[in-house]
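Here are the chains, one letter per residue:
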Amino acid sequence: MNPIPLVAVAGNPNAGKSALFNALTGARQKVGNYPGVTVERHVGKTSLPDGSPVELVDLPGAYGLDPTSPDEEVTRDVLLGKQKGERLPNALLIVVDASNLDNHLRFALQLIDLGLPTVVALNMVDLAKRDGLELDAARLQEELGVPVVETVAVRKRGMIEIMEQLQLLLLQPRKVRAGEGPSGDLLHLQRRAREIAMGAIVRETQVRRITHQLDGLLLHPIGGPLILAAILFLMFQAVFSWSAVPADALEAVTLQLGQAIGDALPDNWLRSMIVDGIFAGVGAVIVFLPQILILFLFILVLESTGYMVRAAFIMDRLMSSAGLSGRAFIPLLSSFACAVPGIMATRTIEDPKDRLTTILVAPLMTCSARLPVYTLVIAAFIPAITVGPGIGLQGLVLFTLYISGIAGALLASLVLRKTVVKGGGGHFMMELPKYQLPRLSDVAIGLWQRAAIFLKRAGTIILATTIVLWALASFPQAGPGEKQSDVSIAGYIADGIHTVVAPIGFNKDISMALLPAMAAREVAVAAIGTVYSLDAEDEQGLQTLEQRLSGRWSLATALAFLAWFIFAPQCISTIAVTRRETNSWRWPMFMVGYLFVVAYIVAGATYWTAVAFGLG
Amino acid sequence: MTGPIIPLDQLKLGTRARIAAIDWSALGEKEASRLRHFGFDEGVSVEPLHLGPFGRDPLAIRVGRMTVAIRRSHARAVKVTTEEA
Chain A
82 MNPIPLVAVA
92 GNPNAGKSAL
102 FNALTGARQK
112 VGNYPGVTVE
122 RHVGKTSLPD
132 GSPVELVDLP
142 GAYGLDPTSP
152 DEEVTRDVLL
162 GKQKGERLPN
172 ALLIVVDASN
182 LDNHLRFALQ
192 LIDLGLPTVV
202 ALNMVDLAKR
212 DGLELDAARL
222 QEELGVPVVE
232 TVAVRKRGMI
242 EIMEQLQLLL
252 LQPRKVRAGE
262 GPSGDLLHLQ
272 RRAREIAMGA
282 IVRETQVRRI
292 THQLDGLLLH
302 PIGGPLILAA
312 ILFLMFQAVF
322 SWSAVPADAL
332 EAVTLQLGQA
342 IGDALPDNWL
352 RSMIVDGIFA
362 GVGAVIVFLP
372 QILILFLFIL
382 VLESTGYMVR
392 AAFIMDRLMS
402 SAGLSGRAFI
412 PLLSSFACAV
422 PGIMATRTIE
432 DPKDRLTTIL
442 VAPLMTCSAR
452 LPVYTLVIAA
462 FIPAITVGPG
472 IGLQGLVLFT
482 LYISGIAGAL
492 LASLVLRKTV
502 VKGGGGHFMM
512 ELPKYQLPRL
522 SDVAIGLWQR
532 AAIFLKRAGT
542 IILATTIVLW
552 ALASFPQAGP
562 GEKQSDVSIA
572 GYIADGIHTV
582 VAPIGFNKDI
592 SMALLPAMAA
602 REVAVAAIGT
612 VYSLDAEDEQ
622 GLQTLEQRLS
632 GRWSLATALA
642 FLAWFIFAPQ
652 CISTIAVTRR
662 ETNSWRWPMF
672 MVGYLFVVAY
682 IVAGATYWTA
692 VAFGLG
Chain B
23 MTGPIIPLDQ
33 LKLGTRARIA
43 AIDWSALGEK
53 EASRLRHFGF
63 DEGVSVEPLH
73 LGPFGRDPLA
83 IRVGRMTVAI
93 RRSHARAVKV
103 TTEEA
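If you're matching them up, the sequences are chains A and B in order.
The numbering used here puts the first residue of the first sequence at 82, with every later residue one more than the last.
The numbering used here puts the first residue of the second sequence at 23, with every later residue one more than the last.
Only true hints are included.
Below, simulated DSBU-like cross-link-like pairs (lysine-lysine); rule was C-alpha separation at most 35 Å, straight line:
#	chain 1	residue 1	chain 2	residue 2
1	B	K52	B	K101
2	B	K52	A	K163
3	A	K165	B	K52
4	A	K210	B	K34
5	A	K165	A	K237
6	A	K503	B	K101
7	A	K499	B	K101
8	A	K111	A	K165
9	A	K210	A	K126
10	A	K165	A	K503
11	A	K111	A	K163
12	A	K210	B	K101
13	A	K163	A	K126
14	A	K165	A	K537
15	A	K111	A	K537
16	B	K52	A	K434
17	A	K165	A	K126
18	A	K537	A	K126
19	A	K503	B	K52
20	A	K434	A	K163
21	A	K434	B	K34
22	B	K34	B	K52
23	A	K237	A	K210
24	A	K434	B	K101
25	A	K237	A	K126
26	A	K537	A	K589
27	A	K499	B	K52
28	A	K111	A	K434
29	A	K237	A	K537
30	A	K111	B	K52
31	A	K111	A	K237
Hints in this document: simulated from the structure, not taken from any laboratory.
With the hints as extra help, turn the sequences into a complete structure.
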C-alpha cells in the first residue's frame, strides 16, 4: 500500500506559512523533532475534496536552498529527499507574501525549479490591498508556469481552491523536469523575481503604511525601550494577578479530591502515598499551570504580532555589548518559559560562538518552572502590600528576581566571551515583518501544544520524582517523639547536602528539596510540600504550605533560597538538551560547574548580607 | 543627476537612495548570503527608517518592499547614491 501523499508547505519566513498550515489542518497536528537534530517537525492531516487523506508538513521558513542555519538545512534536505525521517514530498505548496513578492518569488523560483508538482499560495492579499498594492494572479500564474491561488490564510480565504489544486497535482504522475536545478545564480534569480513581480502589479498607490507608523512609535529611540519595559512589566504583573482566580480554584479542587480519596481509603501506606505523595506533590505543581499559560500567552502574542523582532532590534546593541546578538533575545525570552525550547531556538543564531554563549547563559533566564518556587516563597515571606499605584510589593520582588537573572546572564556572557568562548560574533540580520493582529486560533493551538508539554512533564517526571521522594521521606517510619524528617532515608541524604549548604543559610528542609529539584525545578515546591505534609500530623488543622514555611524559615534563609534559584542549574532536561545542542559533554558539564559556583556565592552573599541587617 | 557615493550607514533617516555597489569582500560568507537573500543588489532602492536606541545601532532599512535590521558595521559595506531631482 502506498503511504498517504505528503505535501510540503514551504516559503520565506513571515510569508504566513504557519497560519496557512493551521488553516488547512486545524488542530489535527503533531509536533516532533527531525531525528538527530532539534528542528521542529510540524505535520498535520487533512482530506482532499474527494475525501482521500493527505498529510501536510510545515517546513521551517527559509530564504533559499543555500542554508545559513540548521532550520534552512532541514528545509533543503526535505525538498531534495535527503532528510532522515521524512519521505520525499509528493507535492509542494509554496507560500509567498503578496506584498513582498519581489523577495519571496526568488525562493519560489528556486523551489519551482525542483520539479515537484507545485501550487503557489499568493498569501495575505488583503494586507497588500491595505497597503495599496493590487496584483494580477493570472499573470503571475502564466509567468511562473504553476497554478497560483490568492489566499488570506487567517480568514481561511482560498483554502478550498488550494485543496482542489493539490488534488489535481496529486492525480498527475510525477513528472521529472530537466530544469536548471537549484543551483541557479542567486542574483540572476533575484532579478528575474523582481521582473515577474513588477509585471504582476496592476496598481500601486502610495498609502501611509500602518507598520511604518507603528514602528515610528515602537522603535522610537526613547519611546521604544520604555514601551518594551512596560510590556515586560505588565507581563510579569499579569502572571501574578490574572492567575490568582484559576490557581485558587485548581488548588481547591486538588485539595478536596485528595481529602475525598483520603477519607475513602483505610489509613495505610497506600493512602499516605496517594494523599501525601501524589496529591501534595503533583497538586502543588499543577496549580501553577495558569501562570505558565499566561506567560506563554504573552510570548505567543508578541511573536505573532511581529513585536518580538522589534524587541530584538531594540535590544541588539545591549546584547552585543554583552557579546550576544539581538537574535539571542528571542531564545533568551523563550527561556523565561523554559530553557529547553529556548536552547533549541538558538539554532536560528548563525554564528556558532554567539550560539554557544547564548546556550550557556539561557538557564539564567527565570523559567516558568522556577515560578512555583518563587511564588511560594514570596507569598510566604513578602507581605502583599502595594508600594505605588498598581505596583504590588510581591510583584516587585518577582520583577527583581527576573531582572537579576537577566543581569547575571549578561554578565556571564561578557565573561564567557572574553574567556572560554572567544572570537566570532557580530551577526544581526533579520527581517522586520509587518504588524498583524494575533489570530485567536493560532495562539490557541500554540498554547495548547505548550500546555500539553507541561502537563506531560508534570504527569511523568514530576509524578515519579514525587513518589520516590515520598518513599525516601516516609521510610523508615518515625517512632513516638521523633520527627519524620529526621529519621527517614531522605533525612540522611539531606544531612550530607546540609553540611555543604549550611554556611549559606539553607536548613535541612531545603537540603532535602535540592536533590529531587534536579529532575525539574518545580519539584522543589512539591518536595517541600511533601516533607511538611508528613510532619504536619501533630500540627493543628490544615495549614497552607505558605503558612508552614513562614513559621520555619528566617527571612534571610528565604532570600538566600530565592537567590540560589536564580543561578543554580537545577534541571536535568536543560543539561540533556545542552548536551544534544552542543554535541559534547564538555559544555553541559562546564555549564553545571559554573552555575553551581555562582549560585553558591550569590546565595551566600545574600544570606550574609541579610543576617548583617538583622533579618536572620 | 546622482549624488555622491556614500556608505549606507551615513545616509540620513528617511532618505531614499539607490545601491551603487556592495563591497562583498568586507562581509563574511554567511552575512553576504543573508544580505543577498534580503534582496540587496546594485540598483535596488533603500531607505534607512529607524536606528537602534542604544548607540544608534542596528539600522532598520527598507530594501525593496521589505524592512530589515542590520548592524552598522554591515551597512558600511553597502555604498549608495542619493537621487537628486
